[in-house]
Structures are given as C-alpha cells and as structure tokens.
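Chain by chain, the residues run as shown.
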Amino acid sequence: MFPIDRDKFLLSFLGKPLLQHQVEMAQKAGFNHFIFVGNHNNLDDIKTLSKSLPGIEAEFVLQQDPKGIADALVSARSTLLEPFLVINPNDVFSDSAYQEIACAGNQSLPAVSCMLGYKVDEYFPGGYLEIDSEANLKHIVEKPGQGNEPSDLVNILVHLNNNPRKLLEYIDIIESNSDDIYERALDRMVKDGHKIKVIPYTDFWAPIKYPWHIFRVMEHFLDKSEAQISDSAHISDSAIIEGKVILSDNVRVMENAVIRGPAYIGPNSVIGNNALLRGYCHIGANSVVGYSTEIKHCYIGDNCWFHSNYAGDSIIEDDCSFGSGAITANYRLDEANIHIDINNNKIDTGYDKLGAIIGSGCRIGINANLMPGIRVGSNCLVGPHVCLTRDLMPNKKAMPVSYQYEVTDNFPNPKQNKRQELLNNL
Amino acid sequence: MFPIDRDKFLLSFLGKPLLQHQVEMAQKAGFNHFIFVGNHNNLDDIKTLSKSLPGIEAEFVLQQDPKGIADALVSARSTLLEPFLVINPNDVFSDSAYQEIACAGNQSLPAVSCMLGYKVDEYFPGGYLEIDSEANLKHIVEKPGQGNEPSDLVNILVHLNNNPRKLLEYIDIIESNSDDIYERALDRMVKDGHKIKVIPYTDFWAPIKYPWHIFRVMEHFLDKSEAQISDSAHISDSAIIEGKVILSDNVRVMENAVIRGPAYIGPNSVIGNNALLRGYCHIGANSVVGYSTEIKHCYIGDNCWFHSNYAGDSIIEDDCSFGSGAITANYRLDEANIHIDINNNKIDTGYDKLGAIIGSGCRIGINANLMPGIRVGSNCLVGPHVCLTRDLMPNKKAMPVSYQYEVTDNFPNPKQNKRQELLNNL
Amino acid sequence: MFPIDRDKFLLSFLGKPLLQHQVEMAQKAGFNHFIFVGNHNNLDDIKTLSKSLPGIEAEFVLQQDPKGIADALVSARSTLLEPFLVINPNDVFSDSAYQEIACAGNQSLPAVSCMLGYKVDEYFPGGYLEIDSEANLKHIVEKPGQGNEPSDLVNILVHLNNNPRKLLEYIDIIESNSDDIYERALDRMVKDGHKIKVIPYTDFWAPIKYPWHIFRVMEHFLDKSEAQISDSAHISDSAIIEGKVILSDNVRVMENAVIRGPAYIGPNSVIGNNALLRGYCHIGANSVVGYSTEIKHCYIGDNCWFHSNYAGDSIIEDDCSFGSGAITANYRLDEANIHIDINNNKIDTGYDKLGAIIGSGCRIGINANLMPGIRVGSNCLVGPHVCLTRDLMPNKKAMPVSYQYEVTDNFPNPKQNKRQELLNNL
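Protein chains in written order, with this note's numbering: chain Z, 3 to 428; chain E, 3 to 428; chain C, 3 to 428.
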C-alpha cells in the first residue's frame, strides 16, 4: 500500500472510516455484538473509534503477531462463544452482502454455516468455490488457472460460522505455515460432513490491495450516497453545483466555482474561485481547493491545500499542500496504461489515467510536476520547479539543482513603449 | 512550409479545405467546369474532395514532376479546349477576384484575354505589370526593385486565357529551365499583338508562402463569415458568446467560458470551463479547449486537446495535445519581431507576437514551454517540463534530462499548525 | 531599500506620491507654507510635484550631501524664520498626527516647542522620551534596551519648533560626526531650560526602512480610503466587486473577474477575465492583470502586465511584465518566516508570507518561479522556465541553461484513437 501508511480500514469515506461503514452496514443487517481483532499499531485506534459508535457491544482482541485470518480467530478464541460472522474490514461490500448472509443465517441457523460466493464473469486469481447441487461447499480451490474454475463463485470473507468451537478445533489441527489455514480447515470440515451453504453474491465487492483500489471504493461510496447540502454551507451565487454533491458543515464554495457530482466535500473545506471539481471527487475536512484549481477523479484527505493546480486521478493523504502551478500528470504521452512497481514487479494498474499517489504530510512546491503513477512517501518535500520522475521514499526531499540557470549582464532594454498601444487594443 | 506537411490548398478554413473555397467562389462567378492539376501525392485527395462538391464537372490531370504553372498547363494540354481561367489555389482571393475576371471575360471574349493586376501601395518583390493607355499588358517585369516599378499593379495568377491553343504554342517555344516560362510566353504573345486586358484588383489577396501566412487567410475567412450557432450546439447559461462566432454542430461551451469573436469552432468541439478565446480563433473539429485555457489568435486543427494552457498567435495542426500548464510564449522579452530561419536565412515574420507552429500528431507535456516562433515537426513529442528553445525536426522527442533535481533526507517538518488559522482567514 | 530605486516619499499610494499625501495631511491641519529639503537626485522631482499641488507656498532647499536631519535644517537655515514643523516624509502617520501637533502648537505657541511621542506596547529599538510630570521632555535615550525604557513613548519626527534660531544655535555647537546631532541639540536645549512638550500619539505610524514596510503603508492608505467607482470605469456584468474597492478612470474589469476589497486600481488599468484580487491589492495606472491571474496582497506599480500568474505578498515597481504562468512563491515549505539579507545580516521580515520584491523595468519569462522573499533589481530579465533562487542585482539577466533537455528519435506514436471516446465522456 506504499505510500499510504494508515490501516486501510481507517481510510475515511464520506467522513467516516471504512471500519465504521462496515459496522453500520452490519448493524443494519441486525448484528450488534462486535469483536475487533487488531494489532499493536491499530488496536487503540479501533477502540477509540468503536467508542464513538452508538448501539454496539464491543470486545477487543490483540493479535500479537498478525498472520492471517486463522490466527486472528485463534487469538479471539475466548470471545467466540456463539455463531459469528467473520469479515475482513479491508474488503468493501455493499449492504446487501451483510443482509444476504444475515438472512441466510436466520433461515438455517444453528444447523448450517453460510458463506457468500462472489459471482465472476471472467477469471479472477483467487479461491474458487466448488459446490454440490444443493449449493453446499465441497472444496475451495486456490487460483485454479483460467479454464479450470470449478464454478463461477469466488471465495470472499463473508462467512457465518454456526459453531465456533468446532471451527477452532479444525483450525488447531491444520499444520501449516502458509496463510491458508482457515481455508484448509473449512475444506476439512465439509469433507467431514459439516455443511457450509454457499450464497451467490453479485453486488459490489472491492478488496483494497493496492493503493489505486481506493478509487473503486471511493466511487462506490459516492454512487450510493445522496446529495446533501449542509445548512451551514455557504455557496456563492455565481458558483454552480451540479449532480449529486455532498457539502458538509461550514463548507464554502467561492465565486464561479463549479462542482460536478458525484462529489463529497468534508466539513470546513473551501472550494475556491473558479475551481472545477469533476469526475468523482472526494475531499476531506479542512481542505482548501484554491483559486483556479481543477480536481478530477481524486481521493483527497483532510487538511490538504491546493492553489492553482491540476490534480487528476490522484490519491492524496491528509496534510498535504500543493504550491501554485504544481501539476499531477495523469496520462502518458504514449497513452499506455500506467504500471506501478510493487516489489520489483511492474503491475498494470488497469488505468490509462492515473496521477500521483501521495502519503500524508507532503508539500509540493510551486510549478512542480509529478509524472503519472508516481508515489511520494509520507512527509516528503518536492521542491519548486521539480519534475519528479521517480518515486520518493518517506521523509525525503527532492530539490532543484542550483545550476539550471546562468546570470549575465542584461543589455539595456528597449523602452516598453508598445504597451500603451497593446493596452488600447485589449 | 515546415512544419506544415499537408498541401496548403487542403488546409481547412471554416470547416472546408481551401480548395473547396476556391471552387465555390469560382462557381458563384459562373465557372462550372474544373480541371484539377495535381501530383502523385495529392491527386487522390483532390479527387476525393471534388467528388463531394455538388454541381461541378471535374477533370483531373497528373503533373508527373511539378515544375511550375507552364508545365501544369502543358500537362493539361488535352483538356484545354476552350477559354479557361487559371489560378493557383494556394493564393487566396476574395470572391470579387473571380467575379471581376468573369465579368471582364464576358465583355471581351472571345477577342481578348484578361488578367487581374493587384494594386499595391508599397513595393512588393513580385512581377509588375507594364500596361498601355488602354490597360493592355505590355510587359511583365520581375522584381524591378523599389523605384523602378512600371506601374502599381502586381501580377497575380488570376488569368482568363481566351485561346488555349495559342497560349500553349507560345509556351512550347520558350526555351528555359527557370520557373518563368509562363510569364515569358505571355510577354511574347503581347509583343506579337495578342491583347491581354489588365483589370486592377484591390480586394483581399494573400499567398501562403510561409506558415505564418495562414494567419492572414484565417482572419480573412473569419472576417467574411457570418455569426452562426448550430441548433445542436450547447452553451452553458454562464458562458458568454460575444461578437461574430460560429459554433458548429454539437459544439459544447461549458460554464464560465468566454468566446470573443471573430471565432470559428468546428463540429463536436468542446470549449471547457473558464476558457477564453479571443483575437481571431479558428478551432477545428473534435477538439477540446479544456479548463482554464486561453486561446488567442490561433489556427488550430481537428482533434486537438488543450488543458489549462495558453496558446497565443500559434498554428497547430491536427491531432496535437497539450498537457496541463504547457504554454506557447508569443512575445520576446526584448519586444523585437520574431524571425524564423528558412534555409539558413532569418526571415522577419513581421510579427512581434508569434507563438509556436506545430505539425500534426504532436504531444506537448505538462508545463512545457515553447519559445516564440518555434517550429515542431509532425509526430514530435515535447516532454513535460521542457523549455523548448530550438526547432524540432519531425518524429523527434525532447525529454527533460534526469539530473535536474537531487534527493536528500528531509528534516522533520514542523507541524502544519498554521493552517487552521489560515483557513479561518480565507 | 534595494531593489526599490526611487525615493520612498515618491512611492505612489492611491494614485498620489507619498509626499503629496504628507502635504495634504499638513494642509488639512492648517499648514500652508512648505520648505522642501531635497538632494541632487530628487529636488527636481519634488519641485515638479509641488507645483501640481494647489494652495501651497513652497520653498526648496538643496542639501548638498545628505547626512541627517540636523544637516537638513542647517541647509535650510535661511528659510527657517518662523516656528516650523519638521517631519520626515518617509515616515507615514495618520492625519491625526498633524492635527494633534498643530492643536498643541496653537495652544502653547510661541512659548513652547512640541513633539509627538509614539506610545508603544512592546520594546522598540528607537529613541525613548524621558519626560517630567508635566509631560515636558527631559532626555532622549537612544535604544535603551528592553527593561530600561524611561517611558513608553518613542521619539518620532513630528516636532514643532517654536524658535528656529535657537534650535540652529544648539545644532551648531554640537560636535559630532554621528547622525544624532539633532537629538543631542534637543537634549541640551531642554537641559538649559527650554521647554519641549511631549504629546502622546497612538494612531498609525510606519517608517519605511526596508522595502517590505511598503505593505503596512499600502494597507494604511487602503484602510482609510473610501470605495469609489469612476463613472468611466467599465465593469462586466459577470464581474464581482466586493468590499471597499477604488476603480479609477477608464478601468476595465472583464468577465468573471473578482475584486475583493480593500483594493485600489489606477487609471486605465485592466482586470482581465477570471482574475482574482484579494487581501489588499494596490495596482497602479496602465497596468493589466490578465486572464486567470491571482493577485493577493500586493503593491504593484504603473504599467505592469500580468498574464495567468500568481503574485502574492509581492512588491513590484513600475514597468514590469510577467509572462504566462510565472509565479511568485510566497510561503516557505517549512512555514518559517522569510528572512532577507541586508548588508550580510539576515533580517527577519516578520512575514511568513512574502513573495518577490522587484525593481522597475523587469521582465519575467513564462513559467518562471521566484522564491519567497527574492529581490530582483531594476531592469532585470528573468528568463522563461527559470526557478530564481538568488537575488539579482540590477541590469542582470538569468537565463535557463540550454542542456536541460535532450532530443532523440521518437518511436512512432500509437494512433490517438482514444480521443473520440474521451470526448464523448466529457
């Protein structure tokens, strides 16, 4: 996820962390008791967040050394006393996922466990679900390869386990160092005659694996949002708000600005004179999209400042600022898809329009240029007039070298006597 | 004409190739039978074009090895059976030129040939017409030098020849390798007593010799056009259309855009938010003048894309794109006229405001700077952040060198705690 | 004051030189007879200016070799026949300063001299006034150091001397080469029993010592001005004028421009399309703030041209031009105060937002970047695409080096066949 530092489930959408969205969707489906399994880095954040959520019973489990879902369940062993739903909060589903699994559970519990199977149209490199004629799981096949799929259903972690003790027994007996202990345990359970019902799911699903996956999640939340203008928002008479737009409390939209929805603007943020927002924009709180700035299809965090910029197809975390004239290029001159290097593999992002991905606390100088798909680690400084062509690790600065211009004597200027004529012709 | 590749008479004005304008003007003056003399490269284009023109009889002649007007006429010998008008479609005249020559022809034919003489106020380095008291041609004097002009009438190729066979006989007997065979033949004809009536012409004439001559032709067509907004054009309520503006079919003019005529916008083109067009703008079809772009006195082809640019006094052929922030400088810091190197001669363009001249298929990167009068050959790529100071031959790319910035550790940033205060003061 | 060349009292505010403001304030307080002491460089300017001022009696004194106030008075000896007010026209006061000193003078004259003492809240490195219980001056203490101040009153040069001959006698007997002869003379006078009444003054006072002090004076004049739109000013229907704005004769404000007061725009100046002026702007005569330019808190002289720029917190003298995209950075990436080197001392300007300070007759190329607090001497040329990081002495040019890009063959471009799709999706 470089350069995005924070836990993915703490990324904020429409003013709420993703985890809160997950909890609220679960609540709507009837779940009220939550067991949060976190690690040393994030458990405090989870506790703080969950305390702000009304109407939930919460328990917290520390996973000493995070190594997969089976380990998480083992860590939470003492709390798993009743049937429970297991999900990974970094995978984003529609409300319907929670509702379908809850509904299936209500109909079959306590007899049978249930899981969603995501129906795919084309090959996906994940675990496929082999099922019998009554839609009971027979076997999970990891990455079978195109043409060898046992079904069109992919395993997604929306599992309702009706018998925690039994599940944990099976997990305990799997001997493996790999990260598939949980799937193997399920496999062995169904072989031993335990039933797991598979429910096909066709609605939204987007795992956040790479940072550019944030776009799909952003688009999802914007698509399912409703237009809403806070009473405390101030919109200039000459500004234009078009389509589905959310303006949070105290947002100010200045003269001649245009916001073309879907768009979300967080509390206290300012959309400056002549600014244009278009093509799915998500702007956090206390941010300023200054004069003559265009934001197109961007996820932007809190406390970010722009000033006469173009930011297109970019992801910019909290506390970043862009100097006047700084630009994120978002389209290669050869029109090819943008690839990003992940562990020395060039991954095709699938996007031919992709700008910069910038961690928190960065400052970009005036007239700086960021090339398509570039990543800037948190707390970096990109100097003025820098054309950044390589990723920056966190806490670095890229400054223009000093010998880019030379100073000599200026021959006397002709009098600028053409100006009056030019002025008259304006 | 570097970097303009295409034949000049195929350059498009107001949505029609120049050749079509010539044909239509001739038709209005009563000419209906056309003999097109082309070469290996352009004859097919001419045929295709002429087939789309209603109400004309067309013949086509291949000039094997183009070497001047006399050779063109000789190539067309078998088609020249009746009195005919000879013109060079790269020279642009007003309708009145066709009408005056046609009118003179009607009065004098078949007795006498006629030609237009362009009345000049100051010395012009062309062929001057010596005439007798009855306005009959006596002699054509090539570049007589200032003060030695035999009249104030310059030879322009709008000639009505009443006796093709006689003309070709005279052409056949001139022995010369130079490009003035045709003029010498006329000279000898009048010496032998054939009459050629000279009609003074004072209306528009602009030969396209150098690429910047396109401006005058563009201005001419815009000046004689009528304002016209297609029913299918969409103009935002907050956009402003002022003066004589042509918006073709499906043109879209976005919020707060201002188009100050004379201006022509070709079909399907988009004038984006906050864009400003002023000072004679001619934009082809399927082009996009994006957000916050200013176009001033430019000839722009089809399928060109701009995005937050300034293009002033520039000629940009089809299929070019400008990245965000790219700029054409159009005024020297010393306010001098812009000179352009043609075959190692610095030619004064006569313009103190002249931007870039760009061939087709070029891509200009973000924040690139093009110096006044620079020429970019077709299919070039000017990289981001490049300050282009020298012409580019076709099929080249100019990329920024990689060592323009250096990366070091960034000392911890102070907390950006001034922002809340700044935000409140906005 | 580098790079500001002209005498400070000739700097223009609201269309009048500072000296004229001083004279007018004095006139309003009842002073009508003026003795101007100038030097070889400025006396002619002073004469010219004073002749244009109605209702004043003027005398002119040449100070051969300017060396302080005592020398100025000695130079003017023959003219100092009656009680007189001495002021330094480079120190800016409110009307009330003149009125208070005039009033005090009327009450006490001819018995007693009077002076204003500027009441300070915190330590100021100037001369402090020690007074007795009846507010008579006892002693002037130069820079006593914090904690050692004899009062909270600082010496400002608004002194009404009731006995010129006596004052000059005391000046004559002080033997010193330093610049405090005048203060020493006053000191000795009061020791000898002459009375100088001190009147506390709490209104505006701003000496112009460093160029950035121009901001405070500009703000002062804007604050005390009244909104006024000349009948001959033309404001587009779509432009927005907000707050206290002065538009002088023949000013034109183009479409969608926004001027947020306090602001002063001098005669004939043009505020172009989409321009934004905010945060105290002072623009001289015959200047053009072109398309899409933002001016924030700037003092700008006459005959200056901008074009798609950001100028923030900058001082720009007459006859300067900015190419398209040129930017003055006005905020350090580390958010620290901007320091300026004066005689090898880094002086804290007290501003964390400070742009460029530019002398007269400079031309800034397209996309040039000026770093915060940079100074550009008069008649300099900053080339296109230059990131200026060091001050420029007068009459210099800074040009980009030529090896910033390299030219190679361009591989054939893929056809730009994605455009039609992109166009449809706009």
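FYI, nobody ran anything at the bench for these hints, they're computed from the structure. Check each hint, because a few of them may be wrong.
No distinction is drawn between identical chains; accordingly, a pair holds when it is met within one copy or between any pair of copies.
Unchecked claim - Straight-line alpha carbon distances no greater than 27 angstroms define the calculated DSS-like cross-link-like pairs of lysine-lysine that follow:
#1 18 with 211
#2 420 with 348
#3 226 with 197
#4 145 with 348
#5 18 with 398
#6 121 with 211
#7 30 with 18
Checked hints:
1. Taking the closest pair of Cα atoms, residue 18 and residue 211 come within 27 angstroms of each other only inside a single copy of the chain (20 angstroms); across copies the shortest separation is 52 angstroms, beyond that limit.
2. With identical chains, the CA atoms of residue 420 and residue 348 are at most 27 angstroms apart between copies only, with a shortest distance of 23 angstroms across copies and 55 angstroms within one.
3. Taking CA atoms no more than 27 angstroms apart as the test, residue 226 paired with residue 197 passes in neither setting, with 35 angstroms inside one copy and 83 angstroms between copies.
4. Taking the shortest alpha-carbon separations for residue 145 and residue 348, only the intra-copy value of 20 angstroms comes in at or below 27 angstroms, while the best inter-copy value is 65 angstroms.
5. Proximity of residue 18 to residue 398 under the C-alpha cut-off of 27 angstroms is found in neither arrangement, the shortest distances being 30 angstroms within a copy and 50 angstroms between copies.
6. Within a single copy, residue 121 and residue 211 get their C-alpha atoms as close as 19 angstroms, which meets the 27 angstroms cut-off; across copies the closest is 65 angstroms, which misses it.
7. With identical chains, the CA atoms of residue 30 and residue 18 are at most 27 angstroms apart within one copy only, with a shortest distance of 16 angstroms there and 63 angstroms across copies.
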